[in-house]
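Asker: Residue strings, one per chain:
There are 4 protein chains.
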Amino acid sequence: MTRPTATLLISCPDRQGLVATIANFIYSYGGNIVHADQHTDFERGVFLSRVEWQLDGFNLPREIIAPAFEAIAFPLEANWEVHFSDEIPRLAIWVTQQDHCLLDLLWRQRAKELPAEIPLILSNHETLRPIAERFGIDYHHIPISSQTKAESEARQLDLLQEYNIDLAVLAKYMQILSTDFIDRFPKIINIHHSFLPAFPGARPYHRAHKRGVKIIGATAHYATVDLDEGPIVEQDVVRVSHRDEVADLIRKGKDLERMVLARAVRLHLQHRVLVYGNRTVVFS
Amino acid sequence: MTRPTATLLISCPDRQGLVATIANFIYSYGGNIVHADQHTDFERGVFLSRVEWQLDGFNLPREIIAPAFEAIAFPLEANWEVHFSDEIPRLAIWVTQQDHCLLDLLWRQRAKELPAEIPLILSNHETLRPIAERFGIDYHHIPISSQTKAESEARQLDLLQEYNIDLAVLAKYMQILSTDFIDRFPKIINIHHSFLPAFPGARPYHRAHKRGVKIIGATAHYATVDLDEGPIVEQDVVRVSHRDEVADLIRKGKDLERMVLARAVRLHLQHRVLVYGNRTVVFS
Amino acid sequence: MTRPTATLLISCPDRQGLVATIANFIYSYGGNIVHADQHTDFERGVFLSRVEWQLDGFNLPREIIAPAFEAIAFPLEANWEVHFSDEIPRLAIWVTQQDHCLLDLLWRQRAKELPAEIPLILSNHETLRPIAERFGIDYHHIPISSQTKAESEARQLDLLQEYNIDLAVLAKYMQILSTDFIDRFPKIINIHHSFLPAFPGARPYHRAHKRGVKIIGATAHYATVDLDEGPIVEQDVVRVSHRDEVADLIRKGKDLERMVLARAVRLHLQHRVLVYGNRTVVFS
Amino acid sequence: MTRPTATLLISCPDRQGLVATIANFIYSYGGNIVHADQHTDFERGVFLSRVEWQLDGFNLPREIIAPAFEAIAFPLEANWEVHFSDEIPRLAIWVTQQDHCLLDLLWRQRAKELPAEIPLILSNHETLRPIAERFGIDYHHIPISSQTKAESEARQLDLLQEYNIDLAVLAKYMQILSTDFIDRFPKIINIHHSFLPAFPGARPYHRAHKRGVKIIGATAHYATVDLDEGPIVEQDVVRVSHRDEVADLIRKGKDLERMVLARAVRLHLQHRVLVYGNRTVVFS
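Each protein sequence line maps, in turn, to chains A, B, C and D. Taking the UniProt record's numbering, I'd label the letters of the first sequence as residues 1 to 284. Taking the UniProt record's numbering, I'd label the letters of the second sequence as residues 1 to 284. Taking the UniProt record's numbering, I'd label the letters of the third sequence as residues 1 to 284. Taking the UniProt record's numbering, I'd label the letters of the fourth sequence as residues 1 to 284.
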């Protein structure tokens with residue numbers, strides 16, 4: 001299936017006829033739906049849906065789809081977005097010194113597992129520049145200190161704009177972003193090296209070892225102003241035993257981190273994740 | 001959500017407008033969809049869907065729903081069925097001598113995890129009759145031998161009819177059903193104690209131990225005339241090690257068997273499983 | 001392997017020759033080791049080991065084994081215990097109103113998965129008395145209120161002594177035991193319905209749902225005076241999705257709870273768990 | 001723990017005193033055991049053990065350890081080997097056209113997860129030569145055809161000898177080795193892209209998709225003359241659904257393959273795997 005598709009992500013107050021309304025909009029212009037999924041949160045009275053249809057034979061010019069749908073969405077008080085599968089999102093990867101998540105994302109992008117371009121790598125260290133050079137990706141080293149944080153973030157935001165970035169991936173970027181930054185650029189996925197909400201914050205593997213847990217985890221979530229409190233996209237775990245020292249937890253955790261982060265990024269890039277409140281609906 | 005719902009399961013050749021057609025049917029009579037999921041098998045050109053809507057406020061008498069929908073389904077060459085959540089399916093459980101799957105299903109039914117009535121237990125042994133008596137369920141002991149097989153199956157079919165059974169669950173019933181039987185009563189879920197297609201047939205745990213596998217599994221599938229070849233509904237696995245002898249595999253496997261069988265039965269009872277070809281779509 | 005064995009659990013400051021010392025003790029009296037495992041925590045300088053040997057042909061009367069080994073253990077400053085596989089431990093199960101863990105433990109004990117006798121069930125409600133009666137187990141209903149807590153615990157301790165209980169299993173006993181109680185009877189395994197240290201305390205499934213986690217867990221641990229802070233014996237997890245409401249988390253969690261608790265109790269009964277500090281070594 | 005250690009792997013007919021005999025040998029020369037694990041296969045009467053001790057303070061010159069231990073092992077009819085942690089094994093990686101397992105192994109070796117040198121990559125294609133060049137590893141392209149197979153294998157054996165290779169890793173090398181080859185160089189780990197014994201041979205993902213399984217797997221095993229029948233070192237699985245087409249199975253499977261292969265290679269390199277019969281004991 002490499003023919004281009006459009007994908008609608010929508011959430012609105014629940015009412016009768018929503019599935020029919022959306023399906024009729026697509027059908028009336030000759031669209032063939034290839035994936036439709038829907039979820040209703042009855043407690044909060046929220047309808048959420050993802051619909052993907054083929055653009056071949058769809059009798060509405062691409063640039064008219066959004067305005068046409070807005071006429072339908074407005075009375076529903078809906079939040080919605082439409083994406084086209086042949087408009088490739090642009091990713092910036094943020095790193096500090098660890099290379100495993102970065103290499104994994106780059107490898108997957110080359111292997112066509114991630115439908116994205118990666119034109120930019122940002123770091124507060126020089127360490128991983130050789131990787132960027134090998135892959136032919138621009139690498140910007142922006143040191144961070146408490147004195148220069150505001151200035152550094154301003155430069156980061158400039159770069160995100162300059163490179164026309166759609167999604168920032170914090171691939172073991174061991175720095176906290178300011179509230180102001182996240183307000184201005186909210187499309188950020190972070191990987192935290194614990195099974196949240198266990199062990200938020202620093203040194204989770206050391207604390208997991210100290211607590212004597214039998215399973216460790218990793219969590220990919222959207223970054224929010226509350227550290228490690230953002231909407232969770234994906235989690236996974238692995239067993240550990242008394243034989244595993246902190247170094248073993250770190251080693252096993254690296255595999256978790258790259259798997260979980262890669263899955264979350266892929267789900268986001270395929271427009272399969274809807275955020276509402278502090279939760280996600282993942283149409284997988 | 002204890003208000004009654006209707007659930008449509010449908011499969012038909014793929015074409016444009018199917019989602020809209022179904023959604024419009026429900027909406028036009030004032031139905032509120034609570035769950036809609038859809039899958040298209042592009043390779044085979046098959047559209048499959050599950051739609052569930054509330055019956056409160058649905059302006060079509062229950063007995064008219066099926067004929068009304070047939071008018072829509074006929075030109076689509078669709079296979080379909082409609083179920084009502086307050087019409088409780090009736091289960092027969094078939095056992096031989098092991099009690100773990102039986103007890104698990106009975107406990108879950110009492111705990112309201114399985115929306116079903118269980119009026120009948122069938123066995124080729126007397127062993128588990130006390131369990132049936134404790135739960136107040138009729139227990140029929142039908143011995144099986146190669147000479148009496150046809151006669152025994154005739155009696156089993158009579159009982160299924162007499163008790164108005166919708167689904168037969170082979171909960172470690174260690175006998176093979178004839179082709180004729182399955183033709184006449186095809187709604188049968190079986191639990192096989194291996195990760196199919198590994199180790200079909202007899203003594204899978206012994207063979208898994210001999211082969212030195214590091215993981216064992218269990219498989220719930222619809223029974224077909226080809227032994228252990230029917231459409232798979234659910235599978236799960238557990239790690240084993242060199243320390244596990246055959247008895248340990250059997251012990252660990254029992255937990256797998258009861259979990260996997262219970263999940264498959266629940267999915268079936270909630271009308272979440274669509275069979276096509278030798279595959280299942282599970283709308284979970 | 002139903003021939004009786006002795007099992008030594010030992011921990012002491014690490015030094016050279018400990019494996020040899022223990023093995024020689026057993027070999028010098030003609031013992032055949034069937035399982036020997038050892039772990040050294042280098043950070044803390046602690047040696048921990050489990051050794052199991054056959055009593056057939058062991059030339060030391062059973063009642064002399066402990067004093068004879070004390071002569072070896074004393075200079076090592078060791079903590080140790082010896083158990084005999086044909087001396088069946090006695091379990092008390094504590095419940096409140098939920099039956100799933102209780103039924104699971106009773107079924108496993110009957111199925112010979114748990115090498116234990118279960119002469120006593122304690123509860124702060126009458127609800128589960130019929131289960132106790134069906135299995136022929138004494139059931140003591142001891143209501144708890146803030147006024148009567150001390151008195152109730154005194155009565156509980158009396159019962160543990162009267163029934164000669166080796167291990168108390170809190171099988172969804174939704175009450176906190178006092179420090180004094182745990183000091184007097186420290187052999188207690190509790191099941192907590194979350195993946196500790198996430199969601200300690202009350203209503204973990206509600207909080208997991210609110211947080212939007214993608215995986216839930218259960219934790220079996222030894223009870224200590226700090227609630228949900230005791231040494232962890234076993235944990236397991238299961239995936240959940242946006243479709244799972246709190247009731248689904250509770251349902252899925254029940255399966256986790258009974259599996260995890262049963263595994264932890266079995267490991268303890270087989271003398272496979274060594275506690276040191278707030279951690280466990282599980283020789284599985 | 002970077003101080004050098006010696007590791008003994010031993011298997012022999014079970015008898016009394018084996019643990020003591022081995023521990024005494026080490027203790028008598030002042031060795032400090034850091035890991036001792038033992039397994040007895042009672043069915044076959046086989047004792048198997050792994051013992052690791054620190055060489056610092058061990059009063060036996062390294063080159064005398066093997067002859068000295070042979071004096072003990074000979075009367076026990078034991079198979080045994082001793083390895084030293086600072087003698088780094090040499091790996092050859094065999095590939096065809098897929099790069100994911102190769103890159104993963106190389107990354108892990110650089111990240112010090114694999115205690116090995118990797119001086120040689122062998123392939124029947126030129127495709128992956130650039131990777132070898134980037135990592136500074138010799139790459140030998142040896143085309144295979146039915147006419148040249150014997151000749152090619154002779155050249156491969158020469159290279160293994162020339163590079164002094166201890167372990168060959170078939171990292172998606174899609175060719176079958178001859179019986180003669182395996183007889184001459186039996187230390188080979190292969191990754192098979194299915195949950196063996198399900199789907200041995202060609203195109204396992206296609207066959208898994210056709211069968212409609214709900215879980216797929218990968219298996220790392222020692223190569224033997226019977227294809228996909230060798231002793232299993234490690235397996236793992238991942239869930240799939242009706243939404244996963246063959247391409248998705250392949251994508252998910254790649255992650256499994258590199259994880260499972262890496263774990264198996266690491267276990268082998270740490271001398272944690274003992275083969276007996278067609279089974280492995282993994283002292284992890």
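Hints are computed from structural coordinates only; laboratory data are not their basis. Be aware that a few hints might be false.
One copy or two, it doesn't matter: identical chains are merged, so the pair holds either way.
[Claimed, not checked] Derived lysine-lysine pairs resembling DSS-like cross-links, with alpha carbons at most 27 angstroms apart: (1) K112 x K187; (2) K252 x K112; (3) K112 x K149; (4) K149 x K252; (5) K210 x K112; (6) K210 x K149.
Asker: Could you run down the list of hints and mark each one as holding or not?
Answerer: Each hint tested on the structure:
1. Within a single copy, K112 and K187 get their C-alpha atoms as close as 22 angstroms, which meets the 27 angstroms cut-off; across copies the closest is 34 angstroms, which misses it.
2. Both within a single protomer and between protomers do K252 and K112 lie at most 27 angstroms apart by alpha-carbon distance, with minima of 26 angstroms and 13 angstroms respectively.
3. In this assembly of identical chains, the alpha carbons of K112 and K149 never lie at most 27 angstroms apart, being 35 angstroms within a copy and 34 angstroms across copies at closest.
4. For the homomeric pair K149 and K252, neither the shortest alpha-carbon distance inside one copy (33 angstroms) nor that between copies (40 angstroms) is at most 27 angstroms.
5. In this assembly of identical chains, K210 and K112 lie within 27 angstroms of each other by CA distance solely across copies; the values are 24 angstroms between and 40 angstroms within a copy.
6. For the homomeric pair K210 and K149, neither the shortest alpha-carbon distance inside one copy (33 angstroms) nor that between copies (33 angstroms) is at most 27 angstroms.
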